[in-house]
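Engineer: First to last, the sequence lines map onto chains A and B. Positions 86 to 872 (our numbering) are the ones given, in order, by the first sequence. Positions 1085 to 1564 (our numbering) are the ones given, in order, by the second sequence.
Fair warning: there could be bad hints in the mix.
Said to hold, decoys possible - Taking lysine-lysine and the DSS-like style, the derived pairs with C-alpha atoms no more than 30 Å apart in a straight line are:
| id | chain 1 | residue 1 | chain 2 | residue 2 |
| --- | --- | --- | --- | --- |
| 1 | B | K1310 | A | K212 |
| 2 | A | K597 | A | K96 |
| 3 | B | K1554 | A | K518 |
Think of the hints as simulated: they come from the structure by calculation, not from any bench.
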Amino acid sequence: MNAPSRPLSQKTEIEGGVRAPQRHDSGHKHVSGTATYVDDIPTPADCLSVAFGLSPKARARILSIDLGPVRAAPGVVDVLTAADIPGANDVSPNAVHEPLLAEDGEVFFVGQPIFAVVATSHLAARKAARLAQIEWEELPAILTVEEAVAADSLFEAPYVMQRGDALAAIAAAPKVIEGSIGIGGQEHFYLESQAALAVPGEDADVTVHCSSQHPTEIQHKVAENLAVPFNAVTVEVRRMGGGFGGKESQGNALAAICAVAAKRLNRPVKMRYDRDDDMQITGKRHGFRIDYRVGIDEDGRILGVQFEQMAHCGWSLDLSMPVADRAMFHADNAYYLPHAYIRSYRCRTNTCSNTAFRGFGGPQGMVGIERVLDQIAFELGREPAEIRALNYYDRPGGERVMTPYHMEVEDNVIHALSEQLLASSDYADRRAKIKDFNAQSPVLKKGIAFTPVKFGISFTLTWMNQASALVHVYTDGSVHLNHGGTEMGQGLFVKVAQVAAEVFQIDFDRVKITATNTGKSANTAPTAASSGSDINGMAVKNACEQIKDRLTAFAAERFQTTPDQVRFLPGRVQVGEAQIAFEELVSQAFMARVSLSAAGHYATPKIHWDRAAARGRPFYYFAYGAAVTEATIDTLTGEYRFDRADILHDVGRSLNPAIDLGQIEGGYIQGLGWLTMEELFWDDAGRLRTHAPSTYKIPTASDRPEMSIALFDNENREETIFRSKAVGEPPLMLGISALMALSDAVAACGDGTVYPDLDAPATPERVLRAVDRVRGRAWETTRESGR
Amino acid sequence: MRDTLRFVLNGEAVSLSDVDPRTTLLDWLRERRRLTGTKEGCNEGDCGACTVGVTRLEDGVPRRRAVNACIQLLPMLDGASVTTVEAIAGPERLHPAQQAMVDLHGSQCGFCTPGFVMSLWSAYPDGPQPRRAVEDAIAGNLCRCTGYGPILESGEKMHALPAPDWETDPLPALEAVASAESLALTAAGCTAYVPATEDELATLVAAHPEAVIVAGATDVGLWITKRLMEPAALIFVNRVKGFDRVVETPTHVELGAGATYARAAAALASLSPDLGEMVRRLGSVQVRNSGCVGANIANGSPIGDGPPPLIALGAELVLRKGDAARTIPLEDFFLDYGKQDRAPGEYVSAVRIPRPKSPDSLKVYKISKRFDQDITATLGAFLIEIADGAVASASIVYGGMAGIPKRARAVEAALLGRPWTLETVEAALPAYAEDFQPMSDMRASAEYRLRAAQNLLLKTFHETSGAPSKTRLVGAEALA
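Just chain A, with the same shape it has in the complex:
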């Protein structure tokens, strides 16, 4: 065959391979308004809109319901109740039934969908949805974890992880400290609210476009509600306007009702939650209460610890089991607990069903142990950073390396990482300056805190740790890339495209990133647990390598050499002494009838978990990090400002340092917001009163402290995708240092005898309350917002 001469690249490096700070692939579209989200997809003029009619009651029986006024409202085309769902009327992400629309005349939380209105516009549907006439019999509601535990309203018997004999170790310890911390939940506040669009097809087919982290589950739920096989349903997700875990299971209802209505009416149907509806209907980060008792020696070393974790799960199970499990898995954070007893209560309450949220329970468990360390240091009058270091897991090879779930910590880097950060942040010097400042400042007080992070990477449900991908190389050398991961802004697509570019040694812009689609990459895991680039990157690498292997074999044969003489260089392939452009090789391979497509797969190795025994290796590896935050509080109002944050974080060998730095900063600020200003407030009737950004306050630009962020020089000891580490969730927990900095500032208001005992979120009110407490002027009343 003649080799048409294509100019050979002479580059020494491709554009946008792994390790390059490649910009977000959609950046240009984001800033131009041309990036398409679900509600932006052009639809035919006959497209309809859906809105749910919501329960105004936390727990009640419907005595009578009149939907006549709803049907009669302008623009209404159809009204559906549970009886109109052809299939399962189910949106549960687990094996336990969770109704799409209320069943049996019972409601379980304020905001529960009771019926669905299909109308000619979003506004018409929303207006009609408020017109139902319902008579109620109100039933007693459970709104807090304390009420749930007292009433034994639990999803399962308390689950225990333990190692050694904690109770005996505490009893025998020279000093025992105990306490309790309330930790509020958190609204995801993805900027794009939940949305779905269903387009009916022939036969039983339906195509769903949605804003979901879990297209495969959407596919399953749509099929089950339509009572059709999975293969009738195609789900596509191009991008989400933020997810953070809130779009792992919470989009099921929208997709299912749109699909049911679309098939019933044979018209496209779409739905988006108005923000207030979204915040009332969808689950949030689980609020927790954590009670603790810890036995320590004179130096502050933990001898034994007992945690009682009460997780506010809400009305349905959703993902609460693995969330509560992960809180237990992170009750140790970076600390060796020689004897540990961790008990978890999964509380069933009459609120929205709390769900996945960046960190997935881990942050709450971690706040528990960080609170313990903070209090130990306070009680002993010791430097908290030293008390923390004293309790760290040993370096690899040491003796103190076993977790409470009987997995050895083999990759510990927290010692070196901490030392480096404490030095680079001038921690000791600033601590001394803050002491001087506080001595001279009666109204404003400063505090500083250092906190570490060790976060386990892998789904704790082992079977979920798999991914699939589909790669086509076209005859012009351009690459079509598809995998099961979804893009929610975290930069997964750009990272995975960098992997493909790297394997083929072609420029990044030769790789077309395509929407996640269940018809291309099937049976996928949710994009969650920080696993996106780990597992999808590997699945794509696997697919690319299959093609590369075929190309290698073909090239060796064509040039009459051996495969080990074939090397993929930037934009070209070295075959023995000859070089050939990548696209030329591809073109020739096609003419020789070599397949240029491959489906890739990946299953995370080494992991296993025996839940009954609470033993195993649930995590492939750990990601580490640490932060130092400095805060100033106003002791007259409780207001505060975060002055400075220094972060050192371990992402292994970064696939894309720009993306990783963005994840770290965003995660830190989100964690800071969770523990400080973001307060969910339910009233006594179980109504969420902070159901919009007017009342629920996430950080704004001016809340960002002066920040210094660096990547820790490390390599994943496990064989992950180019030795990188997951980065989605771990940085969120760096924000715990903000809470502890406030605690430190409050402690500076007293004489060192009264611990601040600061609950989260540490709103100005809680800070002022704590300031007055340490000054011996405790308030008369307490106010507990719903948890």
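Dock chain B against the given chain A, drawing on the hints supplied.
Structural biologist: Leaving out everything else, chain B in the frame of chain A:
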């Protein structure tokens, strides 16, 4: 009288006569014009995802301002020029606000990005600004992904990029849709009146006492987008000539009731730096570009930030009904929760605020969970005159502590005539319980409100007693 609404959209004149006047600009852009770059994030003016630029003549000069499209009702745009994110790039390259965001990794999920871009685009003509001004420029935009660092950097570094050379003078397009005529637009069972003069306004309000008077719609917008109300008659004040006046005299600042917080900000700051700082934190750029000082009063909210400091300063309110005008002390306007001294057919016409003897004598403290764009838990305004070491006069006014903005009369009485000492202040604290029985809600508990309100008097004392240490976390007086 015209019956066609006219404005400029991305450089092209638009005429509308068959559109429901309650339609928001956001819905119209997205659903009717398929300009989907402008996003709906909250539909209540609190997240900024729907930010667009609106250009109007201000004192004869075109001025670009960022507003939230989700709570702009279409008739508010009569005579204005609207610019959306789709229309700011040049033929060959992006606008610097866009390019900086791309270069500096300012977008992650991208959904808030068009709003940030439009806020930066609106601020671009101001030239390079310090970090704090960039923070203010984007305080009305929420981002949940980035942590804001790259966006702030974009706001700074966009000025280092080549300036856009493709932008044209907005004046001809504005003049093409300008009109001295009033507008009455009727569709879908609703009539919108957009009078051009105050006499016409007075006649319309008197003739339609049931009509909702709309200024910036930062509150009325939510009646429509959230409470799903369907008012049948709306009277818009945005085109009333002279209604947006800001007049500074040696003794007073006078504001027409249609003067936005943005237009009034400098004049208010000239009365008192603390008042200026409060205005900086009131709402956001988008909210201050729409919301009006007079309307903030007229709406009677117990948590409106404007009234307490204005009452402390002794402001007066001019009310008009038909041809008759009357002037009352602002304090007397607020009768009870939801009840103001405003007769049917009457409206707030102007606010007149006397200058304090010394600008620094007014202390204003706004307390909320978040510094920027947050509704107040409690706000205290203190105008305390000390003569010969004793309290000669005291005007202490709080928001968020009662059903109306309310003076702390018992506290004032406990201070008057006494030496300005910590002992006097502490002795006055129990009087708060006489003045206020605040409520508990999602913003704060009653006990916090009371405790913080008392502490603000202590803070005022601290700041006026010559103590050297800092007491502020934000603003010009903040701890560095």
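Engineer: Please go over all the hints and tell whether each is borne out by the structure.
Structural biologist: Hint-by-hint comparison with the structure:
no.: 1; hint: K1310/B x K212/A; in the structure: 10 Å, holds
no.: 2; hint: K597/A x K96/A; in the structure: 21 Å, holds
no.: 3; hint: K1554/B x K518/A; in the structure: 16 Å, holds
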